[in-house]
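There are 2 protein chains.
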Amino acid sequence: MAVVVFDTVKIRATVVLVTDRYHHGDLRRALIAAAVEAIAESGPSALSLRAVAKRAGVSHAAPAHHFGDKAGLLTAVAAEGYDRFADALERAWEATGDFVEVGVAYVRFAIDNKAYFETMFRPELLHEDDPDLQRAESRSNDALVRGAGAQRPDAAFNAEALGAWSLVHGFAGLLMGGNFPQAVKDDPEAALRDIATHVRFGKHS
Amino acid sequence: MAVVVFDTVKIRATVVLVTDRYHHGDLRRALIAAAVEAIAESGPSALSLRAVAKRAGVSHAAPAHHFGDKAGLLTAVAAEGYDRFADALERAWEATGDFVEVGVAYVRFAIDNKAYFETMFRPELLHEDDPDLQRAESRSNDALVRGAGAQRPDAAFNAEALGAWSLVHGFAGLLMGGNFPQAVKDDPEAALRDIATHVRFGKHS
DNA sequence: GCGGGAGTCTTGACAGTGTCAAGTTATTCG
DNA sequence: CGAATAACTTGACACTGTCAAGACTCCCGC
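In order, the protein sequence lines correspond to chains A and B.
Numbering follows the working numbering, with no gaps: position 41 of the first sequence is 41.
Position in the second sequence (from 1) plus 1000 gives the number in the working numbering.
It is possible that part of the hints are untrue.
[Unchecked claim] Examples of chain B residues toward chain A, derived with CB under 10 Å:
1) T1096
2) G1097
3) F1121
4) R1122
5) E1137
6) N1141
7) E1160
8) L1167
9) V1168
10) G1170
11) G1173
12) L1175
13) V1184
14) A1196
15) R1200
16) F1201
[Unchecked claim] FRET-style restraints, in silico, Cβ to Cβ:
17) A:D132 with B:S1048: 27 to 35 Å
18) B:P1131 with A:S59: 41 to 49 Å
19) A:S48 with B:S1042: 17 to 25 Å
20) B:P1131 with A:K185: 32 to 40 Å
Bear in mind the hints are in silico, worked out from the structure with no lab data behind them.
Quick caveat: nothing in here was measured; it's all calculated off a predicted structure.
Ideal Cβ positions, reconstructed from N, Cα and C, are used throughout, including at glycine.
With the sequences and hints as input, model every part of the structure.
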């Protein structure tokens, strides 16, 4: 209805003042980002939909509209987390070909992306049947299994891969739970590499 | 004050009619028990003080009176969990002297005492500075380190012990998060023992 | 160019939550 | 026996997730 002059103005508004438009543009992504921020500050179980909405500058019910649920929002966060996680693991494997380095990348991801990591491994807060989540999750599993040195894809979960996965996952969990002594907290990567030199996988009598 | 006869009557009352007395007798313990039940059903982060109160048959504010906080109640649960955990690990070590069996006991505790275990390793829900919690926690650590085969008590956290702890803890966490394949879920102990035969700790070049 | 329908978001309400202050009831001890 | 202390209840407050209903805006077919 308005003239062309107004239209260009409006276009500028879409770019610069995205926040005060009725249709946000990409509110879904903005909400996920806000959720990640909030989770980083006080953990996934303390997440409040209303606080996320306030952070994104929208009404209190907007998150529920996009994600259905509080669990829905957390599921979206977890799915994005698994995707980034898979990327990180794949990069580490392709760059080094060293399975220890995949483990290091695993732990580094947990440290650098605490919010994502904490959300990913809390199934009781998520919609585990969500297709996006499952897809991203199995991407991570594939990347991990390849890194863990499983010879054939069909022997995906042999004892060695399972053990390596457990070790790295447990290390990350204990580290972030504050259960480790100070020396380990100060330089977790070095500690993990140290452990790697003291552990050998393979058949033993 | 009262005669002996009345004293015996009173004792019976404390035992039988505990629930409808104004002073409950041992409400603290009853609340912890109720909390453990509730946690077993839907996890520690979904715990509701009011639901716990209802379960124990007391008013909605009674839990807060005893534990100060929701986190206070969870802390009490975690402390009791760590004590039972330490017991289990010590028993396993004393009975077998085998450090693999301590690992098996670790995982078995996680399975059999899901509610306690899930609460114990969720620091953001607890009062980490609580003295009772810290005491019970270090009891567990001691039992674990002894089982993990650290030679001298002062070298408490060497790489081997750290690795073994990480492996077992990660195994338990992944298992209970449902991240493992069905075969492992069906008989976790066997899977862990299998892993143990494929992993060797000790210095390597 | 212009409805009209399909999203996108807001508003308002509801039951349930944790926490606090004040009140009520029991116990303990001088 | 009476007063002080502890155990528990009652009532209130602000906050939470969820839902239904409404307001707004975009886009597609005419």
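Chain A contact restraint on E1160 (chain B) - CB to CB distance below 10 Å: At 5 Å from the nearest chain A Cβ, E1160 (chain B) passes the 10 Å test, so the hint holds.
Interface restraint verdict for N1141 (chain B) against chain A (beta-carbon cut-off 10 Å): 8 Å, holds
41 to 49 Å as the expected CB spacing between S59 (chain A) and P1131 (chain B), which holds or is violated: Holds, at about 45 Å.
Outcome of range test on Cβ distance (P1131 (chain B), K185 (chain A); 32 to 40 Å): 22 Å, violated
Interface hint status, R1122 (chain B) versus chain A (Cβ within 10 Å): Interface hint status for R1122 (chain B): holds (8 Å vs cutoff 10 Å).
When the least beta-carbon distance from T1096 (chain B) to chain A is tested against 10 Å, hint result: 19 Å, violated
Given hint G1097 (chain B) near chain A, where the shortest CB pair must fall under 10 Å: 19 Å, violated
Minimum beta-carbon distance criterion (10 Å), A1196 (chain B) to chain A: It holds, given that the least Cβ distance between A1196 (chain B) and chain A is near 8 Å, below 10 Å.
Status of the hint placing R1200 (chain B) at chain A (closest C-beta pair under 10 Å): 5 Å, holds
Status of the hint placing F1201 (chain B) at chain A (closest C-beta pair under 10 Å): 6 Å, holds
Status of the hint placing F1121 (chain B) at chain A (closest C-beta pair under 10 Å): 6 Å, holds
Interface restraint verdict for V1184 (chain B) against chain A (beta-carbon cut-off 10 Å): Given a least distance of 7 Å, the restraint on V1184 (chain B) holds.
When held up to the earlier numbered hints, the structure conflicts with 1, 2, 20 and fits the remainder.
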